[in-house]
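Participant: The residues making up each chain are set out below.
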Amino acid sequence: MNLQFTIDILLLAFMAVIAIAVVRMRDLFGVAMLFSAFSLLSAGVFTVMDAADVAFTEAAVGAGISTILILATLTRTAREEKPRKSRDPRVPLLVVTVTGALLMFGTSDLPRLGDPNAPIHTHVAPRYILESPKEIGIPNIVTSVLASYRGYDTLGETTVIFTAGVAVMALLGIRRRRRREGDEKEPD
Amino acid sequence: MLHHTVLRVVAKLLIPVILLFALYVQFHGDYSPGGGFQAGVIFAAGIILYALIFGLEDTMEALPPGVLKILSASGVLIYAGVGLETIILGGNYLDYNFLAHEPTHGQHLGIFLVELGVGTTVFSTMLLLYYAFAGREPGQ
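Taken in order, these protein sequences are the chains called A and B.
Here the first sequence is numbered in this note's numbering, starting from 23 and rising by one per residue.
Here the second sequence is numbered in this note's numbering, starting from 234 and rising by one per residue.
Hint data in this document are derived by calculation from the structure and do not stem from the laboratory.
C-beta: ideal position from N, C-alpha, C; glycine also.
It cannot be assumed that every hint is accurate.
[Said to hold, decoys possible] Simulated restraints on C-beta separations: (1) A35(A) to P249(B): 20 to 28 Å; (2) L322(B) to L152(A): 24 to 32 Å; (3) T95(A) to F254(B): 35 to 43 Å; (4) L317(B) to F51(A): 46 to 54 Å; (5) G314(B) to E157(A): 18 to 26 Å; (6) L317(B) to T129(A): 41 to 49 Å; (7) A74(A) to L256(B): 15 to 23 Å; (8) P249(B) to D110(A): 54 to 62 Å.
[Claimed, not checked] Under 10 Å between C-beta atoms, here's a sample of chain A residues computed to sit facing chain B: (9) I142; (10) T144; (11) G159.
Hey, can you work out the whole structure from these sequences and the hints?
Facilitator: So this is what it looks like as structure tokens:
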């Protein structure tokens with residue numbers, strides 16, 4: 023428990039440092055790399071919370087694919103952020119402070135992490151944990167929930183990804199950098 | 234194509250392992266963390282690594298965008314088709330119990346097929362996105 027606490031604090035401290043660095047940096051290539059490191063650290067936080075599936079997704083999507091897509095986008099824009107005119111920092115500071123205070127006030131009402139009597143653990147979760155070995159018969163409950171109990175949601179998510187792909191194809195298309203010889207098929 | 238020998242040798246060693254790991258994540262999702270989504274992303278990442286080091290032209294020749302477009306749509310079709318199949322077999326939409334004689338066998342089969350659909354769509358869409366962004370000259 024104590025070790026877990028220390029690891030949590032370390033990871034969160036690193037994340038805070040990276041977040042500040044991201045805000046202050048002008049080199050967008052570096053920012054993309056820092057975002058990747060941020061994702062990897064949050065994957066670490068999820069691992070400490072025993073959410074292996076979420077950590078896995080965060081590491082693969084957040085740290086991997088997103089970074090590559092951001093870098094690919096950077097090749098289409100400038101590499102440096104334009105310097106902005108400095109404005110009065112007091113109003114943003116006030117907004118951030120008030121919002122932060124409200125959020126902290128809100129968390130005081132939340133159930134403790136892992137509290138078995140929390141509403142989220144008393145609704146459908148017991149059925150998934152107790153019945154899924156009989157009803158679905160596979161050991162990974164996360165997979166049973168995602169693919170079977172919540173199959174409609176996952177179908178929706180898959181459709182969203184497909185739609186995103188269609189949208190990018192419609193907006194950008196794919197230019198094939200052909201070599202001179204052997205041009206055939208694929209009119210895009 | 235890049236001519237860094239170290240990068241090319243390391244990538245050649247790594248890419249098969251990445252692809253194999255993606256297949257493991259895909260088909261072992263019932264027993265360990267993972268599933269179609271993660272597997273699709275990892276598989277796409279392996280191919281993108283190849284494209285980064287050995288060039289986009291070669292990658293596009295091996296995996297043409299037209300094929301990926303068909304794959305991307307067929308993943309959703311597999312998923313939705315499993316749902317239709319369960320209706321035809323007398324159940325509700327996506328009620329895998331009706332896919333086999335034993336309800337749990339039906340669930341196994343249903344989850345397997347559905348995850349395959351998710352993996353196919355995620356893999357091909359991620360790679361298509363990469364093609365769309367990386368296939369252009371800078372500032373075009």
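Participant: Once the shortest beta carbon distance from G159(A) to chain B is found, is it less than 10 Å?
Facilitator: At 4 Å from the nearest chain B Cβ, G159(A) passes the 10 Å test, so the hint holds.
Participant: Just tell me: holds or violated, for the beta carbon distance of L322(B) and L152(A) against 24 to 32 Å?
Facilitator: Holds - the Cβ-Cβ distance for L322(B) and L152(A), about 27 Å, lies within 24 to 32 Å.
Participant: For the pair L317(B) and F51(A), does the Cβ-Cβ distance stay inside 46 to 54 Å?
Facilitator: holds (47 Å)
Participant: Per the hint of 20 to 28 Å, is the separation of the Cβ atoms of A35(A) and P249(B) within bounds?
Facilitator: For A35(A) and P249(B) the Cβ distance comes to about 38 Å; the hint is violated.
Participant: Please check whether P249(B) and D110(A) have a Cβ separation lying inside 54 to 62 Å.
Facilitator: holds (57 Å)
Participant: Do the Cβ positions of T95(A) and F254(B) conform to the proposed distance bound of 35 to 43 Å?
Facilitator: violated (27 Å)
Participant: Quick check on the hint: I142(A) CB to chain B CB, less than 10 Å?
Facilitator: It is violated, given that the least Cβ distance between I142(A) and chain B is near 20 Å, above 10 Å.
Participant: Taking the Cβ atom of A74(A) and the Cβ atom of L256(B), is their distance within the range 15 to 23 Å?
Facilitator: The hinted range 15 to 23 Å holds for A74(A) and L256(B), with Cβ atoms some 19 Å apart.
Participant: Quick one: are G314(B) and E157(A) within 18 to 26 Å, going by C-beta?
Facilitator: holds (23 Å)
Participant: Do L317(B) and T129(A) keep their Cβ atoms within the hinted range of 41 to 49 Å?
Facilitator: holds (45 Å)
Participant: Checking hints one by one. Is T144(A) an interface residue toward chain B, by the C-beta closer than 10 Å rule?
Facilitator: violated (25 Å)
Hint compliance for this structure: hints 1, 3, 9, 10 are not met, and every other hint is.
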